[in-house]
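Chemist: Sequence:
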Amino acid sequence: ENDNDDDINGLVDAAMILNTEEQQELQSSVCPVKDALAKLSYKIIHSTTKILPVWYDILTELEMSARMLPRDVLTRWNSMFDMLEQVLKHRKAVDRIT
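Numbers given in our numbering equal positions in the sequence shown, counted from 1, plus 25.
Don't take each hint at face value.
[As the list claims (entries may be wrong)] For each label pair, taking beta carbons as the anchor points, the in silico distance ranges come out as:
| id | residue 1 | residue 2 | range |
| --- | --- | --- | --- |
| 1 | Gln52 | Arg121 | 25 to 31 Å |
| 2 | Thr100 | Thr123 | 24 to 30 Å |
| 3 | Asn44 | Glu86 | 17 to 23 Å |
| 4 | His71 | Arg121 | 15 to 21 Å |
| 5 | Pro57 | Trp102 | 44 to 50 Å |
| 6 | Ser72 | Val98 | 30 to 36 Å |
No lab work stands behind these hints, which were simulated from the structure alone.
Don't be surprised by glycine CBs; every beta carbon is placed ideally from N, CA and C.
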């Protein structure tokens, strides 16, 4: 069989071709961003009296859909991707609240 059968539309996981040292360097450069996004999401969700109302006000002012940022859940393999996707969609609001 062809080894490329598992590739979706020819996509390749670039991290898989990195050596161990390069993978560690990639992880260390990505980790602060992941941590900052997780903290922001947590603070918005759990600050129902301060940050959450401000978040919704900013979204309303920017005429964006009123959505919570998803949380990063360790047992869900794509939760960080979901959170990042929403942060990018609501980037103007995230920039205003941070």
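Chemist: Of all the hints given earlier, name the ones this structure violates by number, lowest first.
Modeler: Per hint list: 3, 5, 6 violated.
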